[in-house]
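Between the sequences and the hints, there should be enough to build the whole structure, so can you do that?
Protein chains: 2
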Amino acid sequence: MDAAAREAQGSLEWRVTVPEGASVTVEHEAGVAERAWAWVVACMIALRAAVAGFARKVWKIGADDPRRAVHGLKVGLALTLVSVVYYTRPVYDGVGGNAMWAVMTVVVVFEYTVGGCMYKGFNRAVATASAGLLALGVSWVADKSGDKLEPIILSGSLFLLAAAATFSRFIPTVKARFDYGVTIFILTFSLVAVSGYRVDQLLDLAQQRMSTIAIGIIICLAVCVVIWPVWAGQELHLLTVRNMEKLAATVEGCVEDYFAAKPAQAQASPKSEGYKCVLNSKASEDSQANLARWEPPHGRFGFRHPYAQYTKVGAAMRHCAYCIEALNSCVRAEVQAPEHVKRLLGDVCTRLASQCSRVLKEASSSVAAMTGPKTLDFAVADMNTAVHELQGDLRALPPVLALEPAEMSLMDAMPLFTVASLLIEISARTEGVVDAVETLATLANFKQVEDDDDNNGQTEMKVHPLNVPDDDASTQENQTTKHPEQV
Amino acid sequence: MDAAAREAQGSLEWRVTVPEGASVTVEHEAGVAERAWAWVVACMIALRAAVAGFARKVWKIGADDPRRAVHGLKVGLALTLVSVVYYTRPVYDGVGGNAMWAVMTVVVVFEYTVGGCMYKGFNRAVATASAGLLALGVSWVADKSGDKLEPIILSGSLFLLAAAATFSRFIPTVKARFDYGVTIFILTFSLVAVSGYRVDQLLDLAQQRMSTIAIGIIICLAVCVVIWPVWAGQELHLLTVRNMEKLAATVEGCVEDYFAAKPAQAQASPKSEGYKCVLNSKASEDSQANLARWEPPHGRFGFRHPYAQYTKVGAAMRHCAYCIEALNSCVRAEVQAPEHVKRLLGDVCTRLASQCSRVLKEASSSVAAMTGPKTLDFAVADMNTAVHELQGDLRALPPVLALEPAEMSLMDAMPLFTVASLLIEISARTEGVVDAVETLATLANFKQVEDDDDNNGQTEMKVHPLNVPDDDASTQENQTTKHPEQV
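Chains as they are written, first to last, in my numbering: chain L, 112 to 598; chain D, 112 to 598.
Just to be clear, a hint being listed does not mean it is correct.
Identical copies go unnamed one by one, so any copy, or any two together, can satisfy a pair.
To be verified - Subject to a maximum C-alpha distance of 20 Å in a straight line, what follows is the list of computed DMTMM-like cross-link-like pairs (lysine to aspartate or glutamate): (1) K423 - D546; (2) K387 - D397; (3) K286 - D397; (4) K286 - E222; (5) K387 - E367; (6) K286 - D175; (7) K168 - D290; (8) K382 - E367; (9) K558 - D488.
Simulated from the structure, these hints should not be mistaken for lab results. Just so it is clear, the structure is predicted and the values come from calculations on it, not from any experiment.
This is the structure in structure tokens:
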């Protein structure tokens, strides 16, 4: 619609600006040339709009996280460095272009996160070395077996090794940690096996190849670590913190929406949609945890930091988010309990939700600051008190409802009961998140806040704020201030 | 524990079988040598147990899906083929080892699914050609600019192109469809740019390189398609069908467990755990849909088969599964409504669950057989009738409960109300799944069953059963028989 309107406008505008001579040759009553030209102009306008839209999208990708643009520059730098190192020597020089292997190593090993770089670098180095050694051995055996047997031994071993190595990729551990290594293993073995070189030539070649690949890996790692490094472990940490914040905001937001004066079916407040990120973050959590284990100690992430536990925290959060999803659909449902029934449980439900949310916020700030979750136990106790209050209010309900049996049936109150029991279930699952966070705190040796600071432990926990990007700034804010919506 | 026991036994056994001369030199009272030997034996036994366990695991991976083992053999075959093709010409011959590129192509392009192979093959071919052309142009310009400017132009263009291409990988569309192509683009451009060859040499090289890569890709695709091909589209199709079956079984199983004579908190029947697969299958659905779009028409999957709609069906199923998760935790909860209260809604809830399950089963068999979901509307109507029955029973409840106010409070009945309203929500979300399936049927032009077969349309839908592997055989079974548990 819009494009057609712009097209019409565009062709009109064009007729205004066309040189006099041209407009004379055009038949005014929809001549062929005019329509063709209008079509071309329309196309160009549409193209310009598409390009502009695409450019805005691309710009937004970079602006949302400038580290992405920096990553591009880092790859360019690493490649230029390696090409400068090898510029004096042409790539295809005699022994099959060793410089080529350095360039290739940089292109395929350089990853966004340090963990990714380490994973690929390690896999490439070890796989090349082991496959090279094995291939040398096989070549030597084939060499000694005579001309007739040689191709059979070489092809047979290639077939068997490639089949076995490929199959090994279906083993989950191999897939998670050595997938790239298996590829390089097969590649190196087949290149050496079919190279047709003699063993002494191969030894020479292997040595040069290894040193070239080593140079490539070293350049990669140096550029990756020195210039604005992106640590997979830190990304995972921040993702966990952010998701926990979102869960906290959602629980509170949903229940606020539900008991708000106006029913909020239509306009879901953005902060009550945050659980969706939690539902969908399993894949990125798993991959980041996988890469993080390759990273050396950095900042507050020590040697053998328990990254696997973050995925367990993530699983507990998803478990919580499933229930919040059900709660959210109750809140947005068309059939709602009447307002006066809602009001019966409004206060106590809102209190429970805000206690739940407080527990999640304290857990997230404990993870963010990497301090022991000291005040968390109090928050959990408060939450459980709120649960008991809600249960008490529910027990007290029947006589209340019996006062006005003519006006309402149990059926009318059912949506409210469902919300209440989902809230109770959510608080139980929130405890699951807290358990996972406490295990994480133990495994990662989170710093304990001092005992005599018990009363203001909340502020103490903020002593060492993590270097979070802008959109996560709220995690560093004082817990007592209202969190901005960041979903 | 077990290892220690075996160790003791092992060392005893060893002492029986040791040669006479040796046992003389060993001090009987825990001599150093004896303990060391016992330790070695224990290690070997533990190692053997570990190897045996690992072997069993690996065997199971292959036995569960023999196509995995076949995939390994296919890769071996393709590599052997390509090495035989090039065996007469040594890999590192003059122009930088063209045969090497064929081997490398096979190793990196051969993927498990045909779609994966096509994706990588296409990306590799197009990226190599376009980057090669661009690099030729840049080389030509650099060549004409004189010796001083040449390295600056080459390095500068390499830096800029590598940075821009790397950044482009953060664009979701590029990431999904051309990620591998971008890598190859950077690789090819840098290899040509830093090669130090003259333009006429490069032209020669480019032609040879392209033909070598083409041979590699053709061998890959031929082996991949001809020998027991694994189609990503079909995998996606089967995954969707299987997940829908699992959802159907879970809804029925959960409610059966809930109203079973014995409370089933502890032992969850395996069929009521199937929803977990649905919750976790987003990543595989997305990647399969991504790869499937590269596949040529095959079997009943025509040109432009709407694979993207499968992911929407998957999303609708997950939406349903979130609610089932909440239901499942109600079923397994410690606090349960008293048996006599449960009995009030037992029949109608079980009926609704089995209607829900029937709708999902019919939807899945409609997808499996790729026939129009004709009888689905009736099933949905029946399900909605069951919803109304449940709602009616709920409305009728208060007087029933009022009969025995001393024995129970509203609070006791609440878990039951929650189950009932979750069931109602699940049936609403099941309709969402049905809508997605109907859209899929329209987009994919599912065959319509004949009108005059309305009464036995159910059996008609089975006319063209899909070639499903063994573990999915149940989808072809007659719908009226009880489905075996296949979770």
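For each hint, the structure was consulted:
1. K423 - D546: within (10 Å within a copy, 35 Å between copies)
2. K387 - D397: both (17 Å within a copy, 17 Å between copies)
3. K286 - D397: both (13 Å within a copy, 19 Å between copies)
4. K286 - E222: both (18 Å within a copy, 14 Å between copies)
5. K387 - E367: within (18 Å within a copy, 30 Å between copies)
6. K286 - D175: Close across copies (17 Å), not inside one copy (31 Å); limit 20 Å.
7. K168 - D290: Between copies, since 18 Å is at most 20 Å while 33 Å is not.
8. K382 - E367: within (11 Å within a copy, 37 Å between copies)
9. K558 - D488: Answer is within; shortest intra-copy Cα gap is 16 Å, inter-copy 60 Å.
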